[in-house]
Amino acid sequence: MLNQQKLRFSTTGRGTYNITTQISEAIEKSGIRSGICHIFIQQTSASLILCENADRTVREDLDTFMAKLVKDGDSMYKHKDEGPDDMPAHIRTVLTQSSFSIPIHKGRCDLGIWQGIFLWEHRTSSHKRNLALTIMGE
Amino acid sequence: MIFQDTIKLAPQGKGAADITEPVSEIIRDSKITTGICQLFVHNSFSSLLIYDTADEETKSQTVDFLAQLAPSSDGVTNAIDKSMEAIPEKMYAAVTQTSVSFPVKRGKPVLGIWQGIYLWERTSQPEERNLTITIIGE
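Here the protein sequences come in this chain order: A and B. According to my numbering, the first sequence is numbered sequentially starting from 1. According to my numbering, the second sequence is numbered sequentially starting from 1001.
This is chain B alone, in the form it adopts within the complex (with noise of 0.2 Å):
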């Protein structure tokens, strides 16, 4: 069985939103128990992360660590110029990932105890988010 449906995320601001319970809320209505969910991000200034839960911390320093890599042309995370940030928020799309993949067990995702799904969004004139939903299985 396959089951396919596309999340609209509100635009949010920078930084990781945590994903994972409307994620949970369309795996159980699919109806699908076991298999595997996909999702995939439509566009290149956000990523999808499989993350620690336990410490808010842990998301803002591997954000902070990211920065430093390919900084923003004022050298930090915060520019106002989108043409001029576009060129590192799309090296983070090289490094991170668009899309992730997990699986289904008795009609809930199989997540380690601390972990979550969220989207990383990374501009400063954050947009509405579109992403596809894949669930494969029986």
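Chain A on its own, in the form it takes in the complex (with noise of 0.2 Å):
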């Protein structure tokens, strides 16, 4: 069986956001219980990632680290047609994920207990965020 889905999220700025409950939604809706679930965002100024979900300086540091390494309105960079952030933003997309699959069992995702999957906005401004869901199993 195979189910495709499209999903949008609004974003206001830069960090992370958890889409962990919108997934599972998408999964019970498309009546798969066994299988793989494989998220890919349509832009490349953001990005995804699994995380621990429990202390959300976790996710906080993330984002200093990922500050630090790819500095915002650094001048080696060229493409600044959308700000100082712009360029940074695709550096960081390369760096992270622009899809990854997890395991389907009994109709939920099989995550850990820490784990949760979130979108990495890296603009500093709002955007409007594509993810398309192809689901496989039976």
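Just so you know, the hints here were simulated from the structure itself, not pulled from any lab data. Cβ atoms here follow ideal geometry from the backbone N, Cα and C, with glycine treated the same way. Heads up, some of the hints might be wrong.
Quick look at which bits of chain A chain B covers, simulated, 3 or more residues with Cβ under 8 Å [claimed, not checked]: (1) 11-18; (2) 84-94; (3) 116-125.
Examples of chain A residues lying across from chain B (beta carbon under 10 Å, computed) [said to hold, decoys possible]: (4) Q4; (5) H38; (6) F40; (7) S98; (8) I102.
Take the two lone chains and join them into the complex the hints point to.
As structure tokens, this is what we get:
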């Protein structure tokens, strides 16, 4: 069985957004009980990560780490049409994931207790982000 | 249904080459209209990127950024001696992707308007590159 769905998220600037509930709802809607769910983001200035979901400072620290690694407004960047966070957003995306897949077991995301699926917005302003889900199994 | 093939890419210079077109052709010929497609590159001197197609600068700036993270022996990206550049080149392989996957719908890759599939070649002595393409769906 194969099911494809589109999900749309509104972000309010740089940071991580827990989308585990929305992904779980999409899996439930597909009726697939056992298989894999492939998640793909259709933009190159935001990305996907699997991350610890208990302590939000973990994700804040990830962002601090990334901000230090890829500096906004760095003079080495030429591509700044949309501001100092434009080029760093593309680099942050290359260093993280545009897609991954997770197992489905008994109709649910088979994640660890402390794992969550996060959309990582790399732009400092609000954006609409499109995800394409492909759920395969039976 | 599962379709699998090898894509042989002619040697190219350093940089990111858009391979969206040949990949799309194989998907079309596979007759699989809905599912997912996975690409895998068989070496650690090149990576696969889902990347921005709009601006050439974003690609060169990303390459510059990564070069700065793991400089070649002479401090620039144009090291001649392959053995000397091997270590940083393999570091890139760890922080970028050896495989990418994306949804297939109506016999085409489901990519965002500004997304393309790129092979990022890093050696100064380019070789033919082999990719395995696996398409799963119906």
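Mind taking a look at whether chain B covers the segment 116-125 of chain A? Criterion is 3 or more residues with CB to CB distance under 8 Å. violated (count 0)
Restraint satisfaction for H38(A) [CB to CB of chain B, less than 10 Å]: 5 Å, holds
Taking the closest Cβ pair, is I102(A) under 10 Å from chain B? 13 Å, violated
Interface hint for S98(A), Cβ within 10 Å of any Cβ on chain B: Result: holds, 4 Å to nearest chain B Cβ.
Closer than 8 Å Cβ to Cβ for three or more residues is the test here. Does the segment 11-18 of chain A pass it with chain B? violated (count 0)
Can the segment 84-94 of chain A be counted as covered by chain B under the rule of three residues or more with Cβ-Cβ separation shorter than 8 Å? holds (count 4)
Hey, does the Q4(A) contact hint survive, CB to chain B under 10 Å? 6 Å, holds
Chain B contact restraint for F40(A) - C-beta distance below 10 Å: OK, holds: F40(A) within 10 Å of chain B, min 5 Å.
Comparing the model with each numbered hint stated earlier shows that hints 1, 3, 8 do not hold.
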